[in-house]
Amino acid sequence: MATKFSPVPKFSALPVNPWSRVGGNTNRRATSLVAVLSLSALIAILALYSSTGHVAPKNAQEILAKCWSLKTPPGLSPGFENREVSDRYEPGTNATWIRNCRILTGEKNGSVIIHGDLFLDKGIVRAIGKVPWHLPDNTPNVSIIDADGAWFTPGLIDLHSHVGVLPSPVMKGTDDYDSQNGPILPWLRTIDGFNTHDDAFQLAIAGGVTTVQVLPGSSNAIGGEAFIVKLRKTSDRSASSMLVEPPSSLKGLPSDDLSPPVRWRYMKQACGENLRRYGNRMDTMWALRSAFNQARLVKQQQDAYCDKAEAGLWSSIEARFPESPDWELLVDVLRGKVKISSHCYEAVDLDAMVRLSNEFEFPITSFHHAAEAYLVPEVLKRTWGGTPAVALFATNHRYKREAFRGSEFAPRILVDQDIPVIMKSDHPAINSRYLMNEAQQAHYYGLPPNRAVASVTSIPATALGLWHRIGTLFEGADADIVMWDSHPLQLGATPKKVWIDGILQIPVPARAGENTNVEVGKGKEGDEWQRVPRVPNWDKESNETIQWEGLPPLHGKKARDVVFKNVARVFRRGMNGTIEEAFSADVDALGRLALGTVVVENGKLTCIGQKCDNLVRKEVVDIRGGSIFPGMMTYGSPLGLEEIESEPTTGDGEPYDAFRTNIPSILDDVGGVLRAMDALVFGTRNALLAFRSGVTIATSSLIKRTYASGHGSHIISGLSVAFRTGSGHAMERGAIVQDMAALHVVLGRPDPLLKSSAISVSTQLAALRRLLFGWEGTDKETGDWFRKAAEGIVPLVVETHNADIMASLIILKAEVEEKIGSRMRMAFSGATEAHMLARELRDADIGVILHPTRPYPAFWDQRRILPGPPLTNDTALVTLIERGVTVGLGVQDAWDARNTRFTVDWAMLESNGRIHEADAITLVTTNLERLLGIRGIDEDLVVYEGGGMFDQTSKVVGVISQEQMTVHLF
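First residue of the sequence shown? That's 1 in full-length UniProt numbering, and the numbers climb one at a time after it.
Since the hints were made in silico from the structure, they are not lab data. Do not take every clue at face value.
Dumping the calculated DSBU-like pairs for lysine-lysine here, alpha-carbon to alpha-carbon at most 35 Å [claimed, not checked]:
1) K108 <-> K540
2) K58 <-> K308
3) K558 <-> K618
4) K71 <-> K130
5) K819 <-> K704
6) K522 <-> K122
7) K233 <-> K108
8) K400 <-> K540
Start from the sequences and build out the full structure, keeping to the hints where you can.
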């Protein structure tokens, strides 16, 4: 069913509902016809003036052309639908014939699938489905590829990205995405700050992303003009040459093909918390109203001028056309020629922006972030010009107050209300490389599969007004195509090949001396990988989310005695930190699984197998072929230390930093060593959602996160604490697993986005050496705990990403051990570049906690990554494990703790079969416990309905806590 999305100006020749045929030819021909007729009308007007004796100025044609341009809707150049060469074609590019494809074209909300071939030539799709023989016969230099039934999609489109204007690695001189020069800045352009050397380009392409909307930041009510960019670097090597259909307002471009009709322009608006430097919400809306009113005055002057010009009343108008470079973008907004991306989270903001659109009669294309949009669908439908699309994260919520009511069920709820949904990255908030994973998560939580794929292809293309060339595959579309190793909604789906403008980008073309033979898709040979993944039913949770306005109760029901029936597998802890399969269902003579039963009494497993029926006549839970796995641990985020990351009133507050200020004398401690135990907050939504997702224990430290790493945090970050994520308070039985775990320090170069003064790396290492050598007395906290770390009584966990700093620490560890005759327990966390020192780490007995698991070179210290397939065969995880290093996996953000099981599964899939299920579980259980010094845990067990820990078919329905003698049922 077509949606009601219609951000099209009233005078447009496009149909009222552009979703009626995404990627069809009807709309393209209509807009081309409008252009031809409009030009004909202009010629007729000039002829009329001549015949009636009106005296027109010498520039009359130019003036009338300007007036024609103002009133002409954005559309296609005449003859676009018949083009045979793309405007982005690179001469010398071979044609490509791809055979035996399964093609998700993107048409009809992503529901169209074509089995057949693709023929690409001169930057466009020349044939889809069946390839006429005359095409390959009459085309020289054709590369032929047998896809063997692989899935294909259009190149993915990231509607919300700051790639290029907040480039990787971030440095003080490259932050060009936010301006501090006022709340209203429509005259700024992201193309003017677009860095063509951003390391993120290739990573994004490796995830199948081919086109992005490069937005300015959200600290301004109007941040400026955005631009649509293809990530392929051109032979021209300029930022301008990467643009898709640049508007005629942009002069001096590599191509002069800027013929009418007018092309779309793009603008970023924002409201809410991010604008606090310029005032509150009332200030923001007044600033917007004032700006639009100014633009309206300019528009009225222009319209009056054109009315007189078109009537031939030349003597009554001035020679100079009324225009203002400051307001010309906003004037185009009022003329319906600008696609607006509006950053608004809460109902109050959405309502205010909708009212603004009606007051000044302009359409809003899409609301971004829009955490509460699913709660106010009728408000969205009141937007002037039609209902906007909503661009969302899948599970990235609660990082600030505005996002607190965000829900994983929002995409499904909005689609049920006929509101188009787009999944986006907000790169680098989420690495654009993993845009498809946002669609995968949305599908897992109920978004229909066709809508999930369309949410990153045809729907954003339509929102951009570029459906005629990107986001949909049809004859005449741009040749931006992704070949996947599995169905694109399968977790860990990886592009095997990516074309942009018909030019192969993945695999990366080899340069001299390089080996680019990367294996992709090993272990995904079965038919199940080529099918849409089945997902759980979330109707109950979705309905409760609406009823509770985004904050449904998260504590489950508690029981002591439970029988779980129809159990397929049970995994438990074995000796020496291993994970072992305690039960696996047998196959009977007819090939059916003989599922078993698990009996729990007083929170303890008393029977596992096929002969446990009726032992306990208590509550019975059918898990429908599900499984029981050990509870997972999370580390690396401030889980349990705050409710909302950027809201200081919900957290611990800012501790003193011994390197930047004197520690208060009342602490009487030179380093100010603190205990995370003292800052614990139980019952946070992130912790409870993690618990309901199988993460039963968290180990948290006082490290303060900044952007993408701990750099800039306090160097001495105190003692971590381990606690149960589902507990109600610290006094509850089993809530505190270990009150003091490891001692944490942070070493690295400073975060360039922070304004605090930098502490040199040499100073940091000198201080650490002094403390470990024992020059502080043990009668104070700092001296005592660093002495214990030097002696190996507690682990010393060093957060660092840089290989050179790690090498210095390996040497320092050896010096300390030689000096005091000890064996230190050291681990590196973060550790992006640890793969470069894998053997040295093994020999030094230093473990590694990787977070993020999927690396991104956010800063200079993180730039030497192993990105994994399809760019490299190895990942950092595989390299470390194969060299014998003990490795754990962590996350950086509290909201992401709930995704731990999928993070582990993805890491296992990226290993190309080199990491197996039981070993993968240790990465977030026993290995983490060992590295963080957690001892004597009574294992928690997680019950999955409909599958196991690594299956998208399953969801958590219970947690068995043996320590608490309780079963939590959800």
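Honestly, which of those hints from before does the structure not fit?
4
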